[in-house]
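Chain L: place on chain A using the hints.
Number of protein chains: 2
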Amino acid sequence: MNREVNVKEIKSSNNEYIKELAKLKIKKNRDLEKKFLVEGYHLIEMAEDYIETILISDIKDLNIIKNKKYIIVTKEIINKLSQTQTPQGIIGVVRKKEEFIDDGNILVLDNVQDPSNVGTLIRSALSFNIQNIILSNDCVDIYNDKVIRGSQGSIFKINHIYCDLCEKINELKKKNYKIYGTSLKKAICIDEVKFENHFALILGNEGQGVSDDILQQTDCNLYIPISSQIDSLNVAVAGSILMYELTKQTK
Amino acid sequence: MNREVNVKEIKSSNNEYIKELAKLKIKKNRDLEKKFLVEGYHLIEMAEDYIETILISDIKDLNIIKNKKYIIVTKEIINKLSQTQTPQGIIGVVRKKEEFIDDGNILVLDNVQDPSNVGTLIRSALSFNIQNIILSNDCVDIYNDKVIRGSQGSIFKINHIYCDLCEKINELKKKNYKIYGTSLKKAICIDEVKFENHFALILGNEGQGVSDDILQQTDCNLYIPISSQIDSLNVAVAGSILMYELTKQTK
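Those protein sequence lines, which keep their order, are chains A and L.
If you count the first sequence from 1, you need to add 28 to reach the working numbering.
If you count the second sequence from 1, you need to add 28 to reach the working numbering.
Chain A with its partners taken away, still in its complex shape (with noise of 0.2 Å):
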């Protein structure tokens, strides 16, 4: 037996309800209430179970996820929250999951800047089971519109924090994990990396790399070898090949 839904209807873009959630897109915003939005059928299924209310402009999506409160709302509503230039129709307000358990092999973003390179960091990450995110305080908002879009909803299924890189770092080491800076200073290439079961890969900024004083925290460097022509490859490309070449001898 299905619970009753729970429906309800708002028809004004100027209900107070609707303009606390356009406040949404807005980091400031996210951090006071610990909510975020998803959009489309697809975020809204791979957050389900962080989902508190959905708001749908079409009636046949009522139910779409069982035992959840929806609200339904006009077009009108939905283009004022909605941060896509084709709104699918539906979006979903999103309890924030903050926790953070270190029992596995981890990835570390110091500073990267970029919302898509995050969200794709973030899916590949998942892709090769690494489910620990530790993100410097100056990376972006891992909440922001186009960070989640580009995880095509993985960050729902990995485990994440902000913090001081130094410390953290620090703290791993005690817990015998195996630090993995890259850059190309004394570094070495990943073809030569023995595997370590636990370990912490770091990547940095798009235009600085890692920072020097996390450099020297570091077991060792790795770098890809690349064409002379070129300077470096795009830090979500460079991040997933060592992901990918780290994990694949677990399999």
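Treat the hints as calculated values from the structure; they're not laboratory data.
If you're wondering where the values come from, they're calculated on a predicted model, not measured in any experiment.
There could be a bad hint or two in this list.
One copy or two, it doesn't matter: identical chains are merged, so the pair holds either way.
Claimed, not checked - Keeping only pairs whose Cα atoms sit at most 16 Å apart, straight-line, the calculated EDC-like set for lysine to aspartate or glutamate is:
1. Lys97 x Asp259
2. Lys174 x Asp142
3. Lys276 x Asp219
4. Lys203 x Glu126
5. Lys97 x Asp241
6. Lys206 x Glu234
7. Lys276 x Glu44
8. Lys206 x Asp131
9. Lys203 x Asp240
10. Lys185 x Asp259
11. Lys96 x Asp247
12. Lys56 x Glu104
13. Lys196 x Asp241
14. Lys108 x Asp219
15. Lys53 x Asp173
16. Lys36 x Asp192
17. Lys276 x Glu220
18. Lys196 x Glu127
19. Lys94 x Asp192
20. Lys103 x Glu80
Same frame as chain A, but now just chain L:
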């Protein structure tokens, strides 16, 4: 001895030449004029061989590349032509380079739509010494500003052609190229592939993958093993990992 620098000045954004250049933001006009614009120091250096004219708003940039035609313009003109949020004050007018030489490994893109993905893939291709790119006619325009920025200027170091993929793949097969598709159906794991001296690797659309008629022409299809928790990798990541693996053995 330097040749005398050829400099003129334009102050009005309504100048006919500036209005013509502004039209190059649209693909149709880039196709017609066989020209496009690049912005910023790094990209202008990368495009050096193909640059016709350099527009600068700061006199200090005069002669930044030797033996080119310079026009000093206002910041307003730079803003009119720029497609970035923070223009660097230097814009190059570049001749399109259309050539294709199938004498090495080849990357083939079938209806790839996202300009950042195409830019990133070209950057990775050059990184792994793949300098020939074939694009289906329905791929995004390689001279789109987001492709150029995503490629970090590597589009100036590769050969490319837009064409009908079925015909072109038939030609490559006659030249003994090994044709690799990417698919989850009837595919073999990338770990199990034996190196071939000349290959063409085909990547498909972000949503639909490689089209069925193209997959029928491949010698074999490759996949990258990933977690069951996720459907797929980003196409730029998947393509980069495959290029990395396929070219690794030739180093």
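Going down the list of hints, with the structure as the test:
1. In the homo-oligomer, the alpha carbons of Lys97 and Asp259 never lie at most 16 Å apart, since the shortest distance is 51 Å inside one protomer and 28 Å across protomers.
2. When the C-alpha separation of Lys174 and Asp142 is checked against a cutoff of 16 Å, the pair qualifies both within a copy, at 9 Å, and between copies, at 14 Å.
3. Both within a single protomer and between protomers do Lys276 and Asp219 lie at most 16 Å apart by alpha-carbon distance, with minima of 12 Å and 9 Å respectively.
4. For a Cα distance limit of 16 Å, the shortest separation of Lys203 from Glu126 qualifies neither inside one copy, at 22 Å, nor across copies, at 55 Å.
5. Neither within a single protomer nor between protomers do Lys97 and Asp241 lie at most 16 Å apart by alpha-carbon distance, with minima of 48 Å and 45 Å respectively.
6. Neither within a single protomer nor between protomers do Lys206 and Glu234 lie at most 16 Å apart by alpha-carbon distance, with minima of 24 Å and 35 Å respectively.
7. For the homomeric pair Lys276 and Glu44, neither the shortest alpha-carbon distance inside one copy (51 Å) nor that between copies (58 Å) is at most 16 Å.
8. Proximity of Lys206 and Asp131 under a CA criterion of 16 Å is satisfied intra-copy only: 13 Å inside one chain copy versus 43 Å between copies.
9. With identical chains, the CA atoms of Lys203 and Asp240 are never at most 16 Å apart, being 23 Å at best within one copy and 49 Å at best between copies.
10. For a Cα distance limit of 16 Å, the shortest separation of Lys185 from Asp259 across copies, 13 Å, qualifies, whereas the shortest one inside one copy, 34 Å, does not.
11. Proximity of Lys96 to Asp247 under the C-alpha cut-off of 16 Å is found in neither arrangement, the shortest distances being 47 Å within a copy and 48 Å between copies.
12. Within a single copy, Lys56 and Glu104 get their C-alpha atoms no closer than 25 Å, and across copies no closer than 33 Å, so neither meets the 16 Å cut-off.
13. Taking identical chains as interchangeable, the C-alpha atoms of Lys196 and Asp241 lie at most 16 Å apart only when both belong to the same chain, with a minimum of 13 Å there against 51 Å between chains.
14. For the homomeric pair Lys108 and Asp219, neither the shortest alpha-carbon distance inside one copy (50 Å) nor that between copies (47 Å) is at most 16 Å.
15. For the identical chains of this complex, Lys53 and Asp173 are intra-copy neighbours only, at 8 Å inside a copy versus 27 Å across copies, given an alpha-carbon limit of 16 Å.
16. For a Cα distance limit of 16 Å, the shortest separation of Lys36 from Asp192 qualifies neither inside one copy, at 43 Å, nor across copies, at 52 Å.
17. Both within a single protomer and between protomers do Lys276 and Glu220 lie at most 16 Å apart by alpha-carbon distance, with minima of 14 Å and 13 Å respectively.
18. In this homomeric assembly, Lys196 and Glu127 come within 16 Å of each other (Cα to Cα) only inside a single copy, at 14 Å, whereas the closest approach across copies is 51 Å.
19. Taking the shortest Cα distances, Lys94 and Asp192 never come within 16 Å of each other, neither inside one copy (39 Å) nor across copies (46 Å).
20. For a Cα distance limit of 16 Å, the shortest separation of Lys103 from Glu80 qualifies neither inside one copy, at 20 Å, nor across copies, at 48 Å.
Violated hints, in rising order: 1, 4, 5, 6, 7, 9, 11, 12, 14, 16, 19 and 20; the structure is consistent with all others.
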